[in-house]
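Asker: These protein sequences, in sequence, are chains Z and D. In this text, residue positions in the first sequence follow this note's numbering: the first is 1, and each later residue adds one. In this text, residue positions in the second sequence follow this note's numbering: the first is 1001, and each later residue adds one.
Honestly, the hints are just simulated from the structure, not real lab data. Wrong hints could be hidden among the right ones.
As the list claims (entries may be wrong) - Here chain D is said to cover these stretches of chain Z; the calculated rule only asks that three of the stretch's residues, wherever they fall, bring their Cβ under 8 Å from a Cβ of chain D:
hint	stretch
1	181-188
2	204-217
3	255-262
4	283-293
5	316-327
Said to hold, decoys possible - A few chain D positions that, by computed beta-carbon distances, are all more than 12 Å from chain Z:
hint	residue
6	Glu1093
7	Gly1103
8	Pro1140
9	Pro1246
Quick caveat, the model's predicted, so the values are computed rather than measured. Ideal Cβ positions, reconstructed from N, Cα and C, are used throughout, including at glycine.
Listed below are the residues making up each chain.
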Amino acid sequence: MSENEKVGYFGPYGGQFVPETLMAALAQLDHEYHAAMADESFLAEFDRCLREIAGRPSEMYFARRLTEQACGAKIYLKREDMNHTGAHKINNTLGQALLTLRMGKKRVIAETGAGQHGVATATAAAVFGLDCEVYMGTEDIRRQALNVFRMELLGARVIPVTTGQRTLKDACNEAMRDWMGSVEHTHYILGSVVGPAPFPEMVREFQCCIGRESREQMMDAEGRLPDVIVACIGGGSNAAGIFAPMIDEAVEMVGVEAGGRSMGLGDHAASLVAGQPGVLHGARSYVLQDSDGQTAPVHSVSAGLDYPGVGPEHAYWKDTGRVRYTTCSDDEALDAVVALSRAEGIIPALESAHAVAEAMKIAPKMKPEQIILVNLSGRGDKDCNEIAEILKRRKK
Amino acid sequence: MPFLTAGYPDLETTAALLGNFEARGVRVCELGIPFSDPIADGPTIQASYTEALSAGVSSEKIFEMVRSYRQGDGKLALVAMVSYSIVFKHGVESYLAAAAGAGFDGIIIPDLPLEEAAELEPLAAAAGLANVMLIAPTTPPARRLEIARHSRGFIYFVSIAGITGERARLPEESIRAVAELRTHTDTPVCIGFGVSNAETVGHVCEVADGAIVGSAIIHRITDAKDAPRNELVKKVGDFISELLIPIL
Chain Z
1 MSENEKVGYF GPYGGQFVPE TLMAALAQLD HEYHAAMADE SFLAEFDRCL REIAGRPSEM
61 YFARRLTEQA CGAKIYLKRE DMNHTGAHKI NNTLGQALLT LRMGKKRVIA ETGAGQHGVA
121 TATAAAVFGL DCEVYMGTED IRRQALNVFR MELLGARVIP VTTGQRTLKD ACNEAMRDWM
181 GSVEHTHYIL GSVVGPAPFP EMVREFQCCI GRESREQMMD AEGRLPDVIV ACIGGGSNAA
241 GIFAPMIDEA VEMVGVEAGG RSMGLGDHAA SLVAGQPGVL HGARSYVLQD SDGQTAPVHS
301 VSAGLDYPGV GPEHAYWKDT GRVRYTTCSD DEALDAVVAL SRAEGIIPAL ESAHAVAEAM
361 KIAPKMKPEQ IILVNLSGRG DKDCNEIAEI LKRRKK
Chain D
1001 MPFLTAGYPD LETTAALLGN FEARGVRVCE LGIPFSDPIA DGPTIQASYT EALSAGVSSE
1061 KIFEMVRSYR QGDGKLALVA MVSYSIVFKH GVESYLAAAA GAGFDGIIIP DLPLEEAAEL
1121 EPLAAAAGLA NVMLIAPTTP PARRLEIARH SRGFIYFVSI AGITGERARL PEESIRAVAE
1181 LRTHTDTPVC IGFGVSNAET VGHVCEVADG AIVGSAIIHR ITDAKDAPRN ELVKKVGDFI
1241 SELLIPIL
């Protein structure tokens, strides 16, 4: 069997590197997921949820003033920030909540960094009457206080995580530990295209509505596909969702990782650009780790990108050259928040601002008739306190 | 079978504990290689890993310690408990060779299930390391037998669906499952996770070939951490003697 045919693998990346205790749950999930995707009534119900709960389709918007400022290619925004709960995360949590019901489980757990996935999980849990607990690092609880309140208001319990760097990776560890002991009645709604199979494929499929809609909307608006698609990458779910449906087309794709303060180890979260193949959270992919295999500390101004690993399919796209991966620094992302707010009246999430910054960088090098599509994965309300503090420090 | 976090609170203490355990009649000891993200471990072992790592412990230094333990005629069978993240980063073949060369007899990779172990199994055999595999309470019956066929040295039966840590009692269905498993295999079966006192060790060993005690030992090391090394070693050693009473 060649590597490409191995179930749960993307080339040499992916797999199921988890304790035996979880293997039965992954087998059950894999079975239910594939049965559901072949079941018309499940797909119809998922579509209904995306329409009636998430508010899809999300708009595709021509950013006229931003385009004028960049002096180059036309910039379009896929408005995932307009979804219910304010980001693309709701697409995935609705899909996984439906699977949870299908498996007869009554409780869901999740990890969250920026809090968007936590809020989206808490929302889906409220809609379907599931018990919900969300693991969140105390550093993220500090910088995303609004989302903590939202989760609690939605009826979820937020469990503070004080291990490690107290951010997304540590929240992920704790959620997995919970799942080890609760697997028989609990489903773990993993928030990105990371983790053991079938999560990377499943989360990508639940996010593919982004790319499918974009494709149609771009054909309606311009009569052709974009020249370049740009998306930010933490674990990589919004990027996978917009890339995958057009991956076989002649469209250039760019993934933007968190360049943080500098490209020194510990100062950024650019697993694909600066990491090496390794194993983290159940999958083989690109990982930021030291020479002994210990996970390295990471940094990003954006809590949602502050993660030392990345989805295995992105690792595969990197190696095959299908997607170009680059970085954007904390400062560039902050500048992009201000630029987009003033040019278009849209306050983007710090995560999504990384993609906006890259678009502003490449647009001037392209022709005016060319098209860049940016996945504006989330809105910035949650970041306003953090941004205000940083801008204040900057002024000094 | 005691479990020690290698390098907690330091490698000299780990080496002294190995010598002490051997004198008290222990035959096999598990050495945990500290990892930054041990998802199968509870707070006790996780904290010991974090502390060992911040003191600069690495696989290389642990191998060095084991090598000198062997040079000093240390006879315990040693089994490394190590995350696949670490093994993969070093390169599977060279990590196994280094572990065997240092004097390890076996290896337990808790995040390497059957499906992912095919590449490693022959390499472990070639290096002369027993690849010990785990069976969980959630493992379906047919799969248990398949894992039993692949496991070398012994079979590690995880007593509870959950993480490592001390528990007052173990589920009876796990005890029954081990008795059942033993009718299908000649490979010894040891029970771990949650075994924390002599009474449980005695109970477990009515059906199993061994009991693995981890968190209860680490917690005693933590309690005695600020005492002089010989006192810590004696206290932990006394606990080991207590655990051995029902089975010696």
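Asker: In ascending order, which of the hints set out earlier in this document are inconsistent with the structure?
Answerer: Going through the list in order, the structure violates hints 2, 3, 5 and 8 and respects the others.
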